[in-house]
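Work out the full structure, taking the sequences as your base and the hints as a guide.
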Amino acid sequence: MSVFRWDASRFLKSYDRNVDKGVPCYVIIVLNQPITRRNGVLELLWKQSLLKMCADGGANRIYDTFVGSDKLSEYTPDYICGDNDSLRDDVREYYLSKGTIIINNPDQESTDLMKCIEVIRRRENDNPKYDVIALGAIGGRFDHSMSNIHYLHKLKDERRIYLLSDVNMTFLLDKGIHHIQCDSEIEGPTCGILPIGISEAIISTTGLRWNLSSARTAFGQMISTSNIIDSHEITIETDQPLIWTVELKV
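Yeah, the sequence shown ends on 250 if you go by our numbering, and it's all consecutive.
Quick caveat, the hints were computed from the structure, so don't treat them as lab data. Mixed in with the good hints there might be a few duds.
[Claimed, not checked] List time: in silico SDA-like cross-link candidates among lysine to any residue, alpha-carbon distance up to 20 Å: (1) K154 to T205; (2) K156 to A201; (3) K52 to V23.
[As the list claims (entries may be wrong)] Ranges of calculated distance between the beta carbons of each label pair, as one might list FRET restraints: (4) S213 to D64: 46 to 56 Å; (5) K154 to I177: 42 to 52 Å; (6) E158 to P189: 51 to 61 Å; (7) P34 to D70: 17 to 27 Å; (8) N127 to K154: 16 to 26 Å; (9) P34 to D78: 21 to 31 Å; (10) K154 to W210: 45 to 55 Å; (11) G176 to N18: 33 to 43 Å; (12) N18 to I103: 49 to 59 Å.
No residue lacks a Cβ here, since even glycine has one placed at the ideal position from N, Cα and C.
Written as structure tokens, this is what we have:
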């Protein structure tokens, strides 16, 4: 059985790439959802990311967040990708003047998030696959949230994708044994293990307030929501892909 290790809280810590070792390498994609700049999370993720992208109207969100301040030029994406149906003309012209590459992909069979992933693939060449943090991926329209969870399943064999909202970090646990490191200053205490996209799974856990032992989880039967992290490491064994979501304190 495959064994996986996770430490998602490391993305929300400050690093100096010239000094620190083990600095996480990731791409940030800003989606078209309101930005609250809660506790500087956007600023931290933007500064430390290897590649900065906006999915179509996500560029409007970045622009509107910083316009009128001396920080606007610091938040210039490397790419804006999508079918450009929601990218405003004034935002387009501003970022073009700053050197942003704007890619218009009219394919209606893929979402703006997937269009960004396609650009990342071209950039990687033979390099290791970058982790992706999608900011604003959960919340807003329910169908958009479910679409993003769909891509967690679709891309699970390719790369790790973290869906980030103001209150949660969400990612997919493939079938196997997962060791999830938890930083109590950044995440928790509440968490959930959700059988989204599958009919059912058999799961066992340690490190939670209410652990499960070879339990069957399925919608209409039993799901583990509003559970509590009780340890710095959670283990989850599952025979099917599951969605893990944890509350953020930052």
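Checked hints:
no.	hint	in the structure
1	K154 to T205	25 Å, violated
2	K156 to A201	17 Å, holds
3	K52 to V23	16 Å, holds
4	S213 to D64: 46 to 56 Å	49 Å, holds
5	K154 to I177: 42 to 52 Å	23 Å, violated
6	E158 to P189: 51 to 61 Å	32 Å, violated
7	P34 to D70: 17 to 27 Å	22 Å, holds
8	N127 to K154: 16 to 26 Å	21 Å, holds
9	P34 to D78: 21 to 31 Å	22 Å, holds
10	K154 to W210: 45 to 55 Å	31 Å, violated
11	G176 to N18: 33 to 43 Å	36 Å, holds
12	N18 to I103: 49 to 59 Å	31 Å, violated
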